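Heads up: the protein sequence lines correspond to chains A and B, in order.
Following our numbering from start to finish, the first sequence increments by one per residue and tops out at 501.
Following our numbering from start to finish, the second sequence increments by one per residue and tops out at 985.
Among the hints, a few may not be true.
Covered by chain B, according to a simulated footprint, are these stretches of chain A (three or more residues, beta-carbon under 8 Å) [unchecked claim]:
#1 19-28
#2 133-145
Which residues of chain A face chain B? A partial, calculated answer using Cβ under 10 Å [what the hints assert, rightly or not]:
#3 163
#4 205
#5 206
#6 251
#7 255
#8 359
#9 368
#10 433
#11 453
#12 458
#13 460
Simulated from the structure, these hints should not be mistaken for laboratory data.
Since this is a predicted model, take the numbers as computed values, not measurements.
Heads up, the beta-carbon is just placed ideally off N, CA and C, and yes, glycines get one too.
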Amino acid sequence: MGDRFELVIVGGGTAGWMCAAACAAKLDPVRFRVRLVESEEIGTVGVGEATLPQMKDFNDFLGLDEVEFMKATQASFKLGIEFVNWGCEGDRYIHPFGTFGRPIGEADFFSYWIRANRAGTAAPLFDYCFPIVTALQNRFMLPVGDGNDVRSAFAYAYHLDAFLYARYLRGWAEARGIERVEGRIVEVEQDNESGDIAAVKLASGTHVAGDMFVDCSGFRSLLLGQTLGVEIEDWSHWLPCDSAQAVPSVRSADFTPYTRSTRRTAGWQWRIPLQHRTGNGYVYSSADISDDEAAATLLANLDGEALADPRVLRFKAGKREQAWAKNCVGMGLAGGFLEPLESTSIYLVQMAIMHMLTLMPSERATDPALPSEFNRVMDVEYDRIRDFLILHYVANEADAPLWERVTAIDLPDTLAGKIERFRHRGYIEAYRDGLFGPPSWQAVFVGQGVEPAAADRLADVLPAATVNERLANLAATIADAAATLPSHADFIARYCPAPAP
Amino acid sequence: MQRVVVFGGGVAAAMAALAVGRAYARLGTDVTWIDTGEAPAPHAALIAPPDLATFHRLLGIDEAALVRHAAATVNMGQQFAGWSGGDHAFLHAYGDAGSPFASLPFVQHWTRARQAGLGVALEDFCLAAAAAKQGRTGAPREAATRQAVKQGWHLDAARYAKLLRAACKRADVRIVSCTSAAVRTGGDRIGRIVLADGAPVDADLFIDTHGALVASLDPDATSERPGFCDRIIRASAPAFDPLPLYSRVAAHAAGWLTLIPLSGRTAIEFAYDSKTLSDADAPAALATVLGRSVDTAPPAPLANSARARAWVGNVVAVGPAAGAAPPLDGAELLLLQLGIAQMVLLWPIDRAAMVEADIYNEELAGTRARVADFTAQHFRLNARIGEPFWDDARTTPISAELASKIDLFAARGMFAHFNHEAHVEDSWALVMAGHGVTPRSFDPQALLTEDQALMTEFQRQLRAVASDVHAMETHVDALRRMRG
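Just chain A, with the same shape it has in the complex (with noise of 0.2 Å):
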């Protein structure tokens, strides 16, 4: 290998900061130089993000200190979601992180459950899991070693102001190596025979030259997009919400170690508690309500003062056709956007990095088949995560316009049958890539209103009695160890306080 691969990464958001601290902390910077443009001008799409358990493990890849980090971005601790009138009008349940039980027989937990709800027998689903006990009582707790405590059945994830940790991140990587070009970008330059970006010209009149780039430019996807021309895969027709307004409000008392979706006429509304603040916002289809209906629907729903004016954004639910295309591979909004009712975009981030490094060229000349398998792994992410929110959409009462219409909508071959198969034995397929496993789609389907006709016929070996007897020890085992665990307020204020901002 001759001179440095050269790495450019155009956009400063939370995806372009936190590829480069990715490159920082695992490419050679012997073999790749790695720089990141990005315009002070221009601002980045930063609310109250709520993320997944997978954020701690890029944390950790990154070998970043938690403590640090949660201080630096106001962040505060995620068991799960709540989604609150989904199904029904006046429902609610925890999507958590985590399973439902413990092993009881040969047969799994849930088909054990279904039995004894069937019979009568059972309490809900819901009470047979540590991290929604405990997130429901405002509680919190770091999960102990212990494999035979419930304690350790849990895995979490943090609520977080994304652009403070695109800022955190920033000083990680650049502390690391990472060179930061400041300009707005004002042409792109392609190779005139292979297509491929060569270069972006900034306003100054400087070129940055890459071998390799790395679209974070958010929705208007610059590199991918607008010059390499890869087009968006239009989910709207299943996803139809295409505006949001976020807001800001005064932290409230009711701290929850949970994010909130409340299901609402026209979409839903989202809560995100941080250290000092709430972040709120109303996703919504636009057919179905007027923007300035949707600000004061918002603003009605808030539990605490608004900071700001309501902001709006614009969107429309898919893909990008290739998210690797020529010598570019684009992540974050702009290579996609699916709304953010199970918190997946950092995610979808994060996996594309984590991808992009292991399939990484070592030379200019690509090899075909490490852009083919990266965007073969990436459509898998993106499909299972649209086919899991398209099931929180069909599974209403049609109650309104917009729920009339998509509780009526052909599903995706994917999705369709799921349903069925989940109703006649409350069968789910394990898969082993990609997000959302059978205890993800157990809660939401339990959750709203769907339940199994009958379980696995091996969980009818055990006698009932002995089924009821090992729920019911363990509901009392969840409810007593939650109560040992302090509120979340308490655990933060003592284990990461950050300072008002």
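Put chain B on the given structure of chain A with help from the hints.
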């Protein structure tokens, strides 16, 4: 499902009846096995992958019974000889292909070192491979490598079938011998089987390993897939001493020759392509390869067709009735076991509407395709250039999934995973590397390890493999211990 009928003979029917009997007789299910009498072919042996050892626990079959009654020996892998032409051989061992370090799979570091001139093969870092080659097996206490060493079996097919049949009797399976029976269908279901003596047998669910039941509902639903060879000669030779821990698959101008070590004999399977070698010439060709003549059965056909749908109406086709398994890699028992286990898991809830059939057919079609890919790689990657049989085999079309797997491994030493994978990454790595694929590039994160540190780690791993092998027991000691 109050009444279940298993229809067929041999290993498949016995294993299905035993699995269902053990799982559901407790719930009052009545299991009747109509034994149609097919027995394994003379001389036949089975290569059981490690998965079967786990399945045996559910079947209640212990290792002592296998060693005592099925001529079992320990199977730690398969050796492929001459697939690149010449004498080169490699071992697909059931274990880890080196120990991961610096948070990366070992194969990434190995690729980097190969590019820098390292001459050591991937399998030399594999404890299971090193142990098997030195005649050692079992798990070392206080292992230095922490590598997995998985063990399957080599089994005498006829004696294994008998052993399973005896276990069926103990599991309260009712066995009725009957060589011919009439099938009464109604719509898309089977209502009743009438035995030769006129006795009717009714059931809610029919498990068919024979093929007649599923064919009566779904007559033309089989398709051919590339099988490479269409004829087989089975034979026996005296047992090896010492007994190897792996079978050997040697490429031949007209096909391949598999030697399977059993207690008391070596089972031989000579598969060949009738376009390249005639039945008349095959026995002599076999004797030439072996350097002696052996006790041989006449040439027999080697089937290559499979059903698109194994579960139709209230009939589940299992084993040979579902389709012929790929001819290598222990695929026959692997697919049989997966087909039975999946059926037990998806045991139908409602005898009138079996929603499970669609799930089962999707799962099994996927599994069958991935298992077929594993075997197809040997033919795609063979390097016997200029031999017509092997040149054809190399250019036979492969699935898009296998093409992605080979391309990605060749490019980066990584694995394209699909649903229904039945073989682990390290098996793919050992086989592709064994067939001569050295990845062209590696994960750049490997460069964070200094050259000197990499060499030190390689030496450490090779020493750890050697010391672990030293602490393992010999094959003969292991068999003696298991026999009890």
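We went through each hint and held it up to the structure:
1. Requiring three or more residues with a Cβ within less than 8 Å of a Cβ of chain B, the coverage given for the stretch 19-28 of chain A holds, as 3 such residues are present.
2. Interface restraint, the stretch 133-145 of chain A with chain B: violated (0 residues with C-beta to C-beta distance below 8 Å; minimum three).
3. The interface hint given for residue 163(A) is violated, since its Cβ lies 29 Å from the closest Cβ of chain B, which is over the 10 Å cut-off.
4. Taking 10 Å as the C-beta contact cut-off toward chain B, the hint placing residue 205(A) at the interface is violated, the least distance being around 32 Å.
5. Nearest Cβ of chain B to the Cβ of residue 206(A): about 27 Å, over the 10 Å cut. The hint is violated.
6. About 38 Å separates the beta-carbon of residue 251(A) from the nearest beta-carbon of chain B, more than 10 Å, and the hint is not met.
7. For residue 255(A), the interface hint is violated, the least distance from its beta-carbon to any beta-carbon of chain B being 36 Å, above 10 Å.
8. Residue-level restraint check for residue 359(A) holds (minimum Cβ-Cβ distance to chain B is 7 Å; threshold 10 Å).
9. Given hint, residue 368(A) at the interface with chain B, holds; its Cβ is 8 Å from that chain's nearest Cβ, closer than 10 Å.
10. Here the hint on residue 433(A) is kept, as its CB sits about 6 Å from the closest CB of chain B, short of 10 Å.
11. At a threshold of 10 Å, the smallest CB-CB gap from residue 453(A) to chain B is about 8 Å, leaving the interface hint in force.
12. Contact between residue 458(A) and chain B, as hinted, is supported at the beta carbon level, the nearest pair being about 7 Å apart and thus within 10 Å.
13. The restraint placing residue 460(A) at the interface with chain B holds, with a minimum CB-CB distance near 6 Å, inside the 10 Å limit.
Checked against the numbered hints above, the structure breaks hints 2, 3, 4, 5, 6 and 7 and satisfies the rest.
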